[in-house]
Amino acid sequence: MRLWLLYRRELLIEIRSGVESFIPIVFFILVVGIFSFVLNEVVSNESKVLVSVVWITTLFTSILSLDNLFKRDHTDGTLAVAVLHSDAVIALVVAKLFGHWTLTGIPITILGPLIGLMSGMQFEHAAMLGLTLLIGTPTITMLGALVTALLVGLGRGGELLTILILPMYIPILLFGMGVCHLYIDSAPYTSELLWCLALLTGTITAIPLALGPVLKLSQDS
Amino acid sequence: MRLWLLYRRELLIEIRSGVESFIPIVFFILVVGIFSFVLNEVVSNESKVLVSVVWITTLFTSILSLDNLFKRDHTDGTLAVAVLHSDAVIALVVAKLFGHWTLTGIPITILGPLIGLMSGMQFEHAAMLGLTLLIGTPTITMLGALVTALLVGLGRGGELLTILILPMYIPILLFGMGVCHLYIDSAPYTSELLWCLALLTGTITAIPLALGPVLKLSQDS
Amino acid sequence: MTVTDLHCQPGSQELFNGLCLSIVAGEVCELRGPNGCGKSTLLRIMAGLQQPDNGKITRFIEPLGYLGHKFGVSSILTVRENLQWTSTLCGNRLDSHRAREFLEKFQLLSAANKSIQELSAGQKRRCSVICLLIGNYKLWLLDEPFSSLDSSGEELVRELIQDHCRNGGSTVIASHSESRFANANQVELGIS
Amino acid sequence: MTVTDLHCQPGSQELFNGLCLSIVAGEVCELRGPNGCGKSTLLRIMAGLQQPDNGKITRFIEPLGYLGHKFGVSSILTVRENLQWTSTLCGNRLDSHRAREFLEKFQLLSAANKSIQELSAGQKRRCSVICLLIGNYKLWLLDEPFSSLDSSGEELVRELIQDHCRNGGSTVIASHSESRFANANQVELGIS
Amino acid sequence: MHRLASPQHFFLDTKMWVVWLYVVGIIGLLVGSIWGLAFVPPERFQGDSFRIIFVHVPVAIFAQIVYISLAIAGGVHLVWKLRMADVYMAAATPVGFWLTALALGSGMMWGIPTWGTPWEWDARIVSTFFLLILFLGLIVLRQVIPNPARATTALSILAIVGAINIPIIKYSVVWFNTLHQPASIELFGDISIHTIYRIPLFTNIASVFILTAGIILANMRYLTIERNASKTWVQPWIQGRDQ
Ligand code: HEM
Ligand SMILES: Nc1ncnc2c1ncn2[C@@H]1O[C@H](COP(=O)(O)OP(=O)(O)OP(=O)(O)O)[C@@H](O)[C@H]1O
Ligand SMILES: Nc1ncnc2c1ncn2[C@@H]1O[C@H](COP(=O)(O)OP(=O)(O)OP(=O)(O)O)[C@@H](O)[C@H]1O
Ligand SMILES: [Mg+2]
Ligand SMILES: [Mg+2]
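These protein sequence lines map, in sequence, to chains A, B, C, D and E.
Each residue of the first sequence is one higher than the one before, starting from 1 at the first, in our numbering.
Each residue of the second sequence is one higher than the one before, starting from 1001 at the first, in our numbering.
Each residue of the third sequence is one higher than the one before, starting from 2001 at the first, in our numbering.
Each residue of the fourth sequence is one higher than the one before, starting from 3001 at the first, in our numbering.
Each residue of the fifth sequence is one higher than the one before, starting from 4001 at the first, in our numbering.
Don't take every hint at face value.
Unchecked claim - One side only, chain C facing chain D, incomplete, derived with CB under 10 Å:
{"no.": "1", "residue": "Gln2009"}
{"no.": "2", "residue": "Ser2012"}
{"no.": "3", "residue": "Glu2014"}
{"no.": "4", "residue": "Arg2032"}
{"no.": "5", "residue": "Ser2096"}
{"no.": "6", "residue": "Leu2108"}
{"no.": "7", "residue": "Ala2111"}
{"no.": "8", "residue": "Arg2126"}
{"no.": "9", "residue": "Tyr2137"}
{"no.": "10", "residue": "Gly2153"}
As the list claims (entries may be wrong) - With a straight-line Cα cutoff of 25 Å, these simulated BS3-like cross-link-like pairs (lysine-lysine) come out:
{"no.": "11", "chain 1": "C", "residue 1": "Lys2070", "chain 2": "C", "residue 2": "Lys2138"}
{"no.": "12", "chain 1": "B", "residue 1": "Lys1071", "chain 2": "A", "residue 2": "Lys48"}
{"no.": "13", "chain 1": "B", "residue 1": "Lys1071", "chain 2": "D", "residue 2": "Lys3070"}
{"no.": "14", "chain 1": "B", "residue 1": "Lys1216", "chain 2": "C", "residue 2": "Lys2114"}
Claimed, not checked - Reference listing, derived: stretches of chain E covered by chain A, where coverage requires no fewer than 3 residues with Cβ under 8 Å from a Cβ of chain A:
{"no.": "15", "region": "4128-4142"}
{"no.": "16", "region": "4216-4228"}
No lab work stands behind these hints, which were simulated from the structure alone.
Just so it is clear, CB atoms sit at the ideal spot from N, CA and C, and this is done for glycine as well.
Work out the full structure: start from the sequences and follow the hints.
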């Protein structure tokens, strides 16, 4: 009896928020989907498998680490103090984004090709992987930070973030991974690379400006 | 100048805790490693790829959702109240674990084989996938909860959890996935299945008992 | 409950050195001292939420009611569900008539179906006091129970504590404002 | 700063209906009322952290200093680093001599290199008051600034507020205990 | 048009619109579908299974168009703070979700006879699947954020940023020819879109458009009532609904 009530309370907490309780399931379907999608057509070529895995892992690493980007500051109330300084908030945001990129984007950009080389990838293929990651990781940070900022203070992390962010990441994933695959196939890749650059430019100019107002709004729970 | 100081503060927060700041990187290497490992030997068989992907995703889903298992209760102080009722805490813990399993384990057990069937897996292969998931998901919940409990109140979620939990998950992953692979290859799989069951029995008897004291300890910081 | 020869040194600074304390039934014990002198730490040690570096603590009655700086109520659940959860934890059914009485007394009736995160600080504190009452604990360990309560709430809690001690319970309170209890056992903690 | 014709209805219950308020330089304005009457909400609206359903707020001076129920200091950083961060945010360099003076005044010197999460509740509050002072704000919005402070800390903060207003600043305080300021402008918020 | 920006006039003026949109849409859909199912000769290669095209294509096209309209409404909301834009977003999100689900479902049904499997991990299908997730994300976000003002802004931003997926869906078959299975476009080339197929197909596309507009409008009217429940002009309608 007591066990049942306690158990119900657990369910209650989860179910209270409606659709939210299905997030883990959606997340599950999503991740299976994305992996299968990637594995599906690359099983013939070792380098391509590696490129795909590196790119996907980049996305997940980014999502998991973005979870904490604003949460801690919001919990201890420093975010509220910060958004009141409307002139300083853009600097703060840029600092935050750049800090995040230095600690996840840069290591990934370096490690990705390194792991590739170690697993027997050709040098120029690894270099191209590095280049796409260099363009891709800041884009990923920007897009992810925007979605994270929208969710600040809602007390729901990981999975919700994932299902909201992953769709945003699809273009950069497709183009970034696409460039590498095309390069490995010795096919022309310039237009895809330009798309990557366009995404980078777009996000890097618009998102830091948008983040200040979004964060201010997020104080209003 | 101001930007630099703000930027340094961000780095400082990340670096303050020593090893913690390398978590994203370690996580990245780990995940790339585990995928490469899994992909390495299965690239010839469609069903096997699918089984592997489903199993891995199960692990990640579990990790992401475990993050919230005790955190919320700890933040609002109910966990402290709960551990003081030493007679009730075991019921509470079992309720929590079971609640978690109902909301993630059961859906995964159902969805995994379904996705398999949809992607053209044979019926009996999908059924075996379902069986191993049925045995595996409670084990995963138990092991994960133990690690989560050890980390309660440390304020670092996702990645740290992942790199601590993943090693614990390796045995059940190997045996669970192994049974499916063997079955698909029409090889004998009984001993692996027994190992799965042994892991399930072991964790399900020991861990709920251990969680009470572990949670009480975690209040002390 | 007795505490003997307690040593505790979190970080570099020594907080207690050979502290002895015993709490008898019907007693209000007030821990007093300036900010950072270790009142909260002592309460947590007495509750068993923290381990001292040295010393022995004997608890004759368990479980005990602890109310810390955190409110100890699930912020995602409503007030009523929190009361229910507490009584489940203590192993008794929630007497809905009694619960209603408490809610009325604490002026929470209109907020009974709001989730805790929508309440004001004082309302949260009221809710956690009700949870304490529902628990039927003998020994109360209260860390600044009056903070964020208005004067009527303060008076209410004061009376509840006095009633509790009159009925053979005992209470340990950490506070820094002037004493609210005439017959309290005042423990001045060391000024560091 | 003026607030005109404010309406706000979070949830089902109306909090303000046509509230008007104006704060002039050198004034202490005390928002008073029982728990849950909307003091914190009003302060957050005045700070711009929350949007009212209706009404107009004119802020003549920005940025303003806000101190809420949360402490507003990074719990993973030390006291000194938090002070530094605040002054960076406000666009000036931290005058280390001034900082030292503040720390001494608030008896935080010994805790200056501890991280905030290791401090007691009162010490955290002291730290956030120092951050407020470092900000050099003209208008202070303080939500129960005296809670969890001991009597010496309370006296200190009271004097600081009076000094601040004497120098042409203004302060809005939410509180429910008896007034601490003789010349304060008392605003009684509606009892819901 | 100005009149329609006020909730009351919007509600009163659009009553008959919904009825007409429903009537025309349903009749059109019936005509197009019966024509397509019964009176069009079977296709050379696929036999009768190709008839799913009369559902699949209109629904798939409008799933994307609804999303684009959401992004536009989001932009309108952010720039002009128009309340109707928010109502539109709230009303159209579930419609878009179901359209996408139908597109996926009909595509899967079609895939069984043609591809031999309901699901292939090709770029078109996956990007459509992510469109579904985007709609779901919008629905979840509205539920998760308690404050309506904040929810609307968050939704607008998410809708706008998510719109970069639409070109991906549209051109997935062109851009990622290495990724995608030999599917829709080639098959379509084989059919070479005879007039006999084209007329019922276009009838259905037009009808789905009209019906979608009707459903969204009805949703908007419902939401208008719900959000203004305390206003006096709403009272007769609420009482009417209760009876
Ligand atoms: C789950 C599986 C499927 C999904 C998610 C899907 C998705 C889509 C989408 C989004 C469109 C609209 C493209 C546009 O706006 O131009 C479309 C069009 C179309 N689909 Fe599918 N589809 C699926 C399966 C199929 C199958 C199995 C066939 C036939 C063998 C098929 C044939 C077509 C045709 C002929 C068109 C219209 C031609 C065009 O303009 O591209 N689809 N599908
Ligand atoms: N999101 C919300 N939904 C519903 N009601 C809310 C919400 N937020 C606040 N309230 C209500 O608004 C009222 C005012 O809360 P507020 O925190 O401003 O009170 P307060 O005057 O600061 O009280 P205290 O003295 O206890 O701190 C409370 O009754 C609370 O229940
Ligand atoms: N983990 C820790 N590491 C270092 N010092 C600590 C730690 N935890 C607590 N302290 C120190 O112990 C002292 C006592 O803290 P405690 O919270 O018990 O004080 P308190 O008497 O409750 O004060 P308040 O009245 O402000 O609530 C503080 O000076 C604090 O800095
Ligand atoms: Mg304390
Ligand atoms: Mg308040």
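These are the hints, each one checked on the structure:
no.: 1; hint: Gln2009; result: violated (13 Å)
no.: 2; hint: Ser2012; result: holds (9 Å)
no.: 3; hint: Glu2014; result: violated (12 Å)
no.: 4; hint: Arg2032; result: holds (9 Å)
no.: 5; hint: Ser2096; result: violated (22 Å)
no.: 6; hint: Leu2108; result: holds (9 Å)
no.: 7; hint: Ala2111; result: holds (7 Å)
no.: 8; hint: Arg2126; result: holds (7 Å)
no.: 9; hint: Tyr2137; result: violated (23 Å)
no.: 10; hint: Gly2153; result: holds (6 Å)
no.: 11; hint: C/Lys2070 with C/Lys2138; result: holds (21 Å)
no.: 12; hint: B/Lys1071 with A/Lys48; result: violated (39 Å)
no.: 13; hint: B/Lys1071 with D/Lys3070; result: holds (19 Å)
no.: 14; hint: B/Lys1216 with C/Lys2114; result: violated (30 Å)
no.: 15; hint: 4128-4142; result: holds (count 10)
no.: 16; hint: 4216-4228; result: violated (count 0)
In the structure shown, a violation is registered for the earlier hints numbered 1, 3, 5, 9, 12, 14, 16, in ascending order.
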